[in-house]
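Protein chains: 2
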Amino acid sequence: MTNDQTLVDRPRTRPALVEALSEPKGFGDQTLRDRRPDAIELLGGIPDPAVLPAEEIAAATVRVLSEPGVPALQYSRTPGIPALREWIAAREGVPSSRVLVTNGGFHGLSLGIQAFVERGALIAVDNPVFPLLLRGAELADARILPVPVGRHGLDVEHLGDLLRAGERPAALYTVPDFHNPSQGTLPLDARVELVRLAERYGFVVLADNPYRELRFRGEPVSAEPFNTSSHVLHVNTFTKTLGPGLRLGWLVLPEELAPDVLALRTRQDSHSSTLVQAVVAELLTSDPGLFDTTLDRARALYRSRSDVFAAALEQEAPGAFEIDAPEGGLFLWPRLRDDAVDADRLATDASAEGIEYQRGSFFPSGPGTDAGRRLRFAFGDKDEDVLREAAVRIGRALRRQTGG
Amino acid sequence: MTNDQTLVDRPRTRPALVEALSEPKGFGDQTLRDRRPDAIELLGGIPDPAVLPAEEIAAATVRVLSEPGVPALQYSRTPGIPALREWIAAREGVPSSRVLVTNGGFHGLSLGIQAFVERGALIAVDNPVFPLLLRGAELADARILPVPVGRHGLDVEHLGDLLRAGERPAALYTVPDFHNPSQGTLPLDARVELVRLAERYGFVVLADNPYRELRFRGEPVSAEPFNTSSHVLHVNTFTKTLGPGLRLGWLVLPEELAPDVLALRTRQDSHSSTLVQAVVAELLTSDPGLFDTTLDRARALYRSRSDVFAAALEQEAPGAFEIDAPEGGLFLWPRLRDDAVDADRLATDASAEGIEYQRGSFFPSGPGTDAGRRLRFAFGDKDEDVLREAAVRIGRALRRQTGG
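Residue numbers (the working numbering), protein chains in the order written: chain A, 3 to 406; chain B, 3 to 406.
Think of the hints as simulated: they come from the structure by calculation, not from any bench.
Nothing here was measured: the structure is a model prediction, and the numbers come from that model.
Incorrect hints may appear among the rest.
Facing chain B, a subset of chain A residues (Cβ under 8 Å, in silico) [said to hold, decoys possible]: (1) 11; (2) 64; (3) 78; (4) 108; (5) 141; (6) 172; (7) 203; (8) 246; (9) 269.
Positions of the beta carbon are idealized from the N, C-alpha and C atoms, including for glycine.
Generate coordinates for the entire structure from the input sequences, incorporating the hints supplied.
Following this line, the structure appears as structure tokens:
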């Protein structure tokens, strides 16, 4: 008998960082919840399958899997396969050495948080904010500095005031195009100033741009300030354009920041699926017009859905919502005009009517927003009849409170 | 003019953990280096394309991408899609709730290190060890406790001595089947004892089993002790059987350990590619015999290559190497019999002859091994003629020192 037989089993200890990871709450992330098949779910930024090039992806897969030696089934290198990096680099206007292929946009953000935010350091974020980012920030046990977001995205002037007052974030998170949830787009001069502040005060901008290609109105704003700064991680993804299920995105990395991100990535999952990379590279390069044709169809579809849904809401609940027609993306962010309406009760009543959406109160990263008076409706994957029916039910849910 | 104009740009600070990540050295990871097309590379555990079911994967892709609504291109949930989890669970003999789909085996290890090893804590590892694990351990800035590996894998008795002497690792890493690099397999009684020690002393076993299905001789040893303990992460992957390029693996997780791993994963890349998961699930379930048929072909091929290469080495360099014929996997681990041979010079001379292999000196995690007198040859993706030519050149490289 060995002398450890007399010990009581020792409990496992948990790393402090892991112990502090919060339970999911509120925001119904698609990766955490089951779908509710009996309801009309307006929850997530889900692209419509009708505008994803499924057949072309299948055909591209057959081609890459018939190549001699089948390189698509073998290891590749951490930054991504050359053909895909080169296509992305050409679209971004940067050298391909600055492109790192990721497993989607959120993966790029998580690498950025882990690579650039010291444990317990400060991270400045949109307010209101894409709520999953706050969960991501827990990877560094980061403290949160909320920065107001207005009709034109991040309030960069306010950020400048915070910095001059002594705040020293390690990173700043914002969605510059079709802000999630509030739908504004950051103007060019604010982008230039944001980058200047980052360089001046030594923080890294995490510019999260998943909806950028889905502009269906107005003029695009250049991403050049993000792609030419030594202090910006420009985060993008094929999620909203070719399909979330690919799990394929990219970072545009300044040369100075690339080694730390690569060092982390090689220690986590090494590289993104060679197969998925090879298929997408084949898809995009074998028919150079395919990506833009796909986007044109998607933009037309989402513009129409956005307009139909906004009009139907006004018809079914006249005057109840103030809605800024979005210029792109997959969301409406209406404000309840009547302060007497209880927004939480509305969400509950809507759920009883078979409508699930994200209540605005899930989105603040700090005080001072009107998010509690708002609703986030995702319309991307619902056809027009479904959106009209959704508006009918939302109107009914509203009348449970307002009568009439 | 704002008052920050007078500041000098503030340098970006780097998280201490990231700053401490070591530069790659020695071990030539496929994800970090370019191939050398003029050489015979015996470097990595690469499966032969001829025994990967490329055509069947292409056909499965076409089928999943023609499903209505194309769920393979949409978001899925963090643990993986049900069809794939269920197939894996049936093969492992566990409930599907205990399966988490990963982006390959190393990804599972990295999740385990991040979830269970406090920063700066101790991790016990094989000695010699799969060197990339030491890089992975840097994700927790872990201190390393080497545990000897003998002809039958990890020396569990020695581990017990270390624990009784007061060592308290947070985790232990070992490759139980066809140890990498030293090729032994851990017997059942040692597995049982290892698990008992983990439960007694409160550490998590990271049982890394990528070669398990590639047994081509001898009797398999049950993985049941790993799949029935509350203290084991059983790490596996389709990398060596269906192709590294899929980036698809899995963890068998005890219920007690699952929430922490899931909490981390949702904050990193959310979930593995739905497309790859759906394709592999379709591949495996549409033809229930396919996986075993594929494995039978792979085992026959690797047994034959192993035997041919060992015999050719003996023929070209008679008596120079002591080679234990492996019972599975993709490596030979010969020992240089003559202590007068300089192993580093041999590797350099072999490189000049157009042969690249991993020198044994890359593999120790601490003192006391004979790894410096050994060589790791990967034979998986080289046909017999190439292996015979490799043996000729290795013989020539050896004679540069020994004469004759």
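Here is what the structure says about each hint:
1. 11: It holds, given that the least Cβ distance between residue 11 of chain A and chain B is near 6 Å, below 8 Å.
2. 64: Holds, about 5 Å.
3. 78: At about 7 Å, which falls below the 8 Å cut-off, the nearest Cβ of chain B leaves the hint on residue 78 of chain A intact, so it holds.
4. 108: For residue 108 of chain A, the interface hint holds, since the closest Cβ of chain B sits about 6 Å away, which is under 8 Å.
5. 141: 5 Å, holds
6. 172: 7 Å, holds
7. 203: 5 Å, holds
8. 246: 4 Å, holds
9. 269: 5 Å, holds
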